[in-house]
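Asks: On the provided structure of chain A, position chain B as indicated by the hints.
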Amino acid sequence: MMIIQTSALRKCFGKIEAVAGIDMNIEKGEIFGLLGPNGAGKTTTIGMLCTIVRPSSGAASIAGYNVVKEPALVRRQVGIVFQDPTLDTVLTGRENLELHARLYNFPSRIRKERIDQMLELVDLKQRADDITRTYSGGMRRRLELARGLLHRPAVLFLDEPTLGLDPQTRARLWEYIKKTAQAEQTTIVLTTHYMEEAEKVCDRVGIIDHGRIIALDTPQKLKETMGGEMIVVRAEKQPLEKILALPYVSEIRENDGALEIITKEAHRRLPKILSLLKDVHCVEMRVPTLNDVFIKLTGRDIRDDTVDDSGSWVDSVARYRQRGS
Amino acid sequence: MDNGFIRRELMGVYAVWWREFKVFQREKSRIVSSIVQPLMWLFLFGSGIGASVTIGSFAYRDYIYPGILSMLVLFGSVYFGLYIVWDRKLDVLKAILVAPVSRISIFLGKVLGGCTDVILQILVLFSLSFLFPAVNPWGIPLALLLLLITAIGMVSLGLALGSLFESLEGFQVVSAFLIFPLFFLSGALFPITEKLPLWLRGLVKLNPLTYTVDGVRGALLNVNVFPLYVDFLVIIIFAAGMLFLGSVLFSRMK
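Each protein sequence line maps, in turn, to chains A and B. Here our numbering is used: the first residue of the first sequence is 1, the next is one more, and so on. Here our numbering is used: the first residue of the second sequence is 1001, the next is one more, and so on.
Next comes chain A alone, as it looks inside the complex (with noise of 0.2 Å):
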């Protein structure tokens, strides 16, 4: 069952046209990664899902509701962490949850009860009576998390949950977004631009450029387009018609100064592939990444875009407008 359909879903802010269409259909249950660079249109994607932007042409629902025509309703279905932190620092984190229970008329007589299981997910209980003010970086996220759940939406919505976390951080909060999305068996829709991030935990990403969606399937199925593994060489410059003549070699391009000869069964056939090369400093092998993937389609790197994490995302469309030319 499909519980979010898009077709053609665009939209514009004056000339800039942040989102050219969108058709994707998510599966009731899935974690679905809308992966691209900042500006690509991921969280004014996510915006229109949850009626906070209106789309200027193209339709979108989410669990058979109209986005459009049926916003409260399609408010009641989803759940939202957003990209900035949105907690109530003046409140505890069990006064966080209250709010929000109250806000989506949550039945009184079980509010206690589903704050206190939610609170236990994400393992903040000890902390629930604590001003949320005083928690991390971490914590804030899951109890954002675990508000996003509380309601029991259909589907959460998850703008860049880890942005600006320390790496250790990032790594626990994704598990906590794997045990609650199979506990509440909720759909989750994340956007982030940490490829390896998302590879662990989508079963399903999208590949989002300019507001368009360049490629969307499994992660394992995005990484089989390149057609096999890669041997990454720092040589000097010298010719590589014979290695590209060889049968198993389907492509070698160059990035960053090195050679990336992308082949099949790599690990048997590396040494012909190095007796036919001269003056070579390093060798490595690797198996492709969603990152490499992401370079192949775009002919960029992801990362050479997200330098600055703060810039508005107008700044960002601009930047990658002319980059991209």
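Derived from the structure by calculation, the hints contain no laboratory data. Remember, predicted model here, so these are calculated numbers, not experimental data. Do not rely on the hints blindly, as some may be mistaken.
Here are the simulated DMTMM-like pairs of lysine to aspartate or glutamate, each with C-alpha atoms no more than 25 Å apart in a straight line [said to hold, decoys possible]: (1) B:Lys1254 with A:Glu70; (2) A:Lys264 with A:Glu229; (3) A:Lys112 with B:Glu1009; (4) B:Lys1022 with A:Glu70; (5) B:Lys1094 with A:Asp84.
Listed next, the stretches of chain B that the computed footprint assigns to chain A, with coverage defined by at least 3 CB atoms under 8 Å from CB atoms of chain A [said to hold, decoys possible]: (6) 1005-1014; (7) 1022-1031.
For each residue, glycine too, the CB sits at the ideal point set by N, CA and C.
Replies: What follows is chain B alone, placed relative to chain A:
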């Protein structure tokens, strides 16, 4: 418009009010300072001027007591409303605004929250009314009603302005060009008589707070410039107008 709809919206109003009340309980220093300021007006300013000034048969301090109550409502309410600029900056409102509750209900919850804050502060000042011999304690309920209606209007005004401003600089502008003029032109500190220059009298009569001060003074000290029904009429119209304006602007707020 089924029953469920109304219940959900009422729950939303209650949720926002509950949040504001929690914040109010927690920010003790803010409450203390908001009570101390009117006390300074009454006891430092009032006693100082009162040493050489009486108004009619009233000690100056007694005479300005209704005016200072009105001042507390004005300052407390408008600043409470303006505070949403800060809420928005901290993204506190964002999570509330995406809930399945209409903007109007969130707005009303805020208005009720602000009125509760202000009226509780007013009650503290009323508890000190025995220090002002001329004040008739039986007039307190009527005064409270007038102040409550005024608070509804002023919180709405603050929220309306707060939904327009993007930054905190708006605070200064509103203080300088709205709150202080409303206070000084309300007759809170001086009687509205024929002796006032014509331009000043004109401005005073245009100020809705004038009618609050006059009504409260009538209730507590039994001196009126305008009939009580005029006072009520003006502040009810003011409150209704501000509720309307505030809910429109709040609903349009990004």
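Asks: Now tell me, hint by hint, if it's right for this structure.
Replies: Status of each hint after checking the structure:
Restraint check: the Cα-Cα separation between lysine 1254 (chain B) and glutamate 70 (chain A) comes to about 20 Å, which is no more than 25 Å; the hinted pair holds. As the CA atoms of lysine 264 (chain A) and glutamate 229 (chain A) are separated by approximately 6 Å, the hinted pair is consistent with the 25 Å bound. With a CA separation close to 21 Å, the supplied pair lysine 112 (chain A) and glutamate 1009 (chain B) stays within the 25 Å bound. Between lysine 1022 (chain B) and glutamate 70 (chain A), the direct Cα distance comes to roughly 33 Å. Violation of the 25 Å bound is thereby established for this hinted pair.
For the hint linking lysine 1094 (chain B) to aspartate 84 (chain A), the alpha-carbon distance of about 10 Å falls within 25 Å, and the restraint holds. With 5 residues having a Cβ less than 8 Å from any Cβ of chain A, the segment 1005-1014 of chain B passes the three-residue criterion, so the hint holds. Chain A is given as covering the segment 1022-1031 of chain B, and this holds because 4 residues of the stretch bring a CB closer than 8 Å to a CB of that chain, at least three being needed.
Checked against the numbered hints above, the structure breaks only hint 4 and satisfies the rest.
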